[in-house]
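K.L.:
Read top to bottom, the protein sequences are chains A and B.
The numbering of the first sequence is the numbering used here, which starts it at 713 and goes up by one.
The numbering of the second sequence is the numbering used here, which starts it at 12 and goes up by one.
These are computed hints drawn from the structure, not numbers from a lab.
Treat each hint with caution, since some may be false.
[To be verified] Derived lysine-lysine pairs resembling DSS-like cross-links, with alpha carbons at most 30 Å apart:
(1) A:Lys807 x A:Lys795
(2) B:Lys109 x A:Lys860
(3) B:Lys109 x B:Lys41
(4) B:Lys109 x A:Lys795
(5) A:Lys795 x B:Lys108
(6) B:Lys41 x B:Lys108
(7) A:Lys807 x B:Lys131
(8) B:Lys150 x B:Lys109
(9) A:Lys807 x B:Lys109
(10) A:Lys860 x A:Lys807
(11) B:Lys131 x B:Lys41
(12) B:Lys108 x B:Lys131
(13) A:Lys860 x A:Lys795
(14) A:Lys795 x B:Lys131
(15) B:Lys150 x B:Lys108
(16) A:Lys807 x B:Lys41
(17) B:Lys109 x B:Lys151
(18) B:Lys109 x B:Lys131
(19) B:Lys41 x A:Lys795
(20) B:Lys151 x B:Lys108
[What the hints assert, rightly or not] Derived Cβ-Cβ restraints for the label pairs, each shown as a range:
(21) A:Lys807 x B:Glu57: 26 to 36 Å
(22) A:Asn783 x B:Ala49: 28 to 38 Å
(23) B:Leu62 x A:Leu864: 25 to 35 Å
(24) A:Asp770 x B:Ser116: 34 to 44 Å
Yeah, the Cβ is synthetic: ideal placement off N, Cα and C, and Gly gets one too.
One-letter residues, chain by chain:
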Amino acid sequence: MKETSNVQRPMLNTEPAAYPTLGVGRSSNIVRFLWRTLGLVVAAIFIFAGLTKILDLDHLIADLQQLQFANALADLRNVSLAKPGEFARDIDNFKILPWPVSVALAFYVPWLEIFCALGLVFRFLYRGALSILSASIVVFTLAIIAAKVRGLDITCGCFGHASQHWSFPSHLATNLTILVALVALLFKATSEIRRQIPFNSR
Amino acid sequence: MKSSILRQAVILALFALLPAAGEAIYFRDKISWRSAIAPSEMVTVEQARGLGDTVIWVDARPDEEFASDHVPGAILLNEDRWNELLPQFLAVWSPGKKVVVYCSSLSCNASREVVRRLRKEAQLSDVFVLEGGWEAWLKKNR
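Here chain A stands alone, though its shape is the one from the complex:
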């Protein structure tokens, strides 16, 4: 009679931290807290990036930048949908894609960013979300570098029109910082799963 394995196959869609952790004690809790915080900060960045493309938050962001919180609260009540063509034009300005593709991406990318960020917050489809966000930030960064090399005067639209006056080094530094955080989170999640899933179940 063939012997069946007692090893239960884990649910791969759940978060790595849902498995019993190997480390114990205060220091491991602090480390886990720091990783969780990093994940939430990255998620917040992408939720903000997605929302600035879907909603017209220009006035709100301007008031927040000038620390005018009362006005910002008033702006919150008057938030409307962003003009659909603005982000499409930002993408089109890179002169890489045809206009219909720019329009399709203008509708799709913000939602992809938000869904992936929510994946990070709720630890649902966690590594898939991290890999999509990492790939997308690599693509954005390459597009910005290509535009710079070709001498194009572009507004990246990364954070709606809040980022329209960013210099090239600021763009690059921000993107690379986010990429490093994403890759670190992905490695951490993958290494935890490798430790916790028995070898023959991978």
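Assemble the complex: chain A is given as a structure, and chain B must be docked to it using the hints.
P.N.:
Here is chain B on its own, set in the frame of chain A:
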């Protein structure tokens, strides 16, 4: 493990399609999928002629093409010498004037870029792209 990441990524990508499709349907009349310029921002040769004396013709083609021939009374404003030519255009422009920008043909992009920059940088609103460009104007005037 790699297939698990890929599966998760595909599921997320499909989830994001739903609201994106909804938004695209909601905005179907607000954005053109064929051109970066909305249909309301384009004029035909006949419509431009109908504007009479209120129209300022702007030639967005390169200097040499403008020099060889252009719409009578047109002002040169191309992206190659934008900073130099923009003040010359603004000296001619006045409130109430409608600006019609053209480039070589239907497929050229220069007029769209000039219209976009005039709207964004000079904050002008009555700026239009001539549908079909210089080729269309020639056809109607021969």
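K.L.:
Could you run down the list of hints and mark each one as holding or not?
P.N.:
For each hint, the structure was consulted:
{"no.": "1", "hint": "A:Lys807 x A:Lys795", "verdict": "holds, 21 Å"}
{"no.": "2", "hint": "B:Lys109 x A:Lys860", "verdict": "violated, 34 Å"}
{"no.": "3", "hint": "B:Lys109 x B:Lys41", "verdict": "holds, 22 Å"}
{"no.": "4", "hint": "B:Lys109 x A:Lys795", "verdict": "holds, 24 Å"}
{"no.": "5", "hint": "A:Lys795 x B:Lys108", "verdict": "holds, 26 Å"}
{"no.": "6", "hint": "B:Lys41 x B:Lys108", "verdict": "holds, 25 Å"}
{"no.": "7", "hint": "A:Lys807 x B:Lys131", "verdict": "holds, 18 Å"}
{"no.": "8", "hint": "B:Lys150 x B:Lys109", "verdict": "holds, 22 Å"}
{"no.": "9", "hint": "A:Lys807 x B:Lys109", "verdict": "holds, 28 Å"}
{"no.": "10", "hint": "A:Lys860 x A:Lys807", "verdict": "holds, 12 Å"}
{"no.": "11", "hint": "B:Lys131 x B:Lys41", "verdict": "holds, 19 Å"}
{"no.": "12", "hint": "B:Lys108 x B:Lys131", "verdict": "holds, 17 Å"}
{"no.": "13", "hint": "A:Lys860 x A:Lys795", "verdict": "holds, 26 Å"}
{"no.": "14", "hint": "A:Lys795 x B:Lys131", "verdict": "holds, 14 Å"}
{"no.": "15", "hint": "B:Lys150 x B:Lys108", "verdict": "holds, 25 Å"}
{"no.": "16", "hint": "A:Lys807 x B:Lys41", "verdict": "holds, 22 Å"}
{"no.": "17", "hint": "B:Lys109 x B:Lys151", "verdict": "holds, 20 Å"}
{"no.": "18", "hint": "B:Lys109 x B:Lys131", "verdict": "holds, 16 Å"}
{"no.": "19", "hint": "B:Lys41 x A:Lys795", "verdict": "holds, 8 Å"}
{"no.": "20", "hint": "B:Lys151 x B:Lys108", "verdict": "holds, 23 Å"}
{"no.": "21", "hint": "A:Lys807 x B:Glu57: 26 to 36 Å", "verdict": "holds, 32 Å"}
{"no.": "22", "hint": "A:Asn783 x B:Ala49: 28 to 38 Å", "verdict": "holds, 31 Å"}
{"no.": "23", "hint": "B:Leu62 x A:Leu864: 25 to 35 Å", "verdict": "holds, 33 Å"}
{"no.": "24", "hint": "A:Asp770 x B:Ser116: 34 to 44 Å", "verdict": "holds, 36 Å"}
Hint 2 from the earlier list is the only one contradicted by this structure; the remaining hints agree with it.
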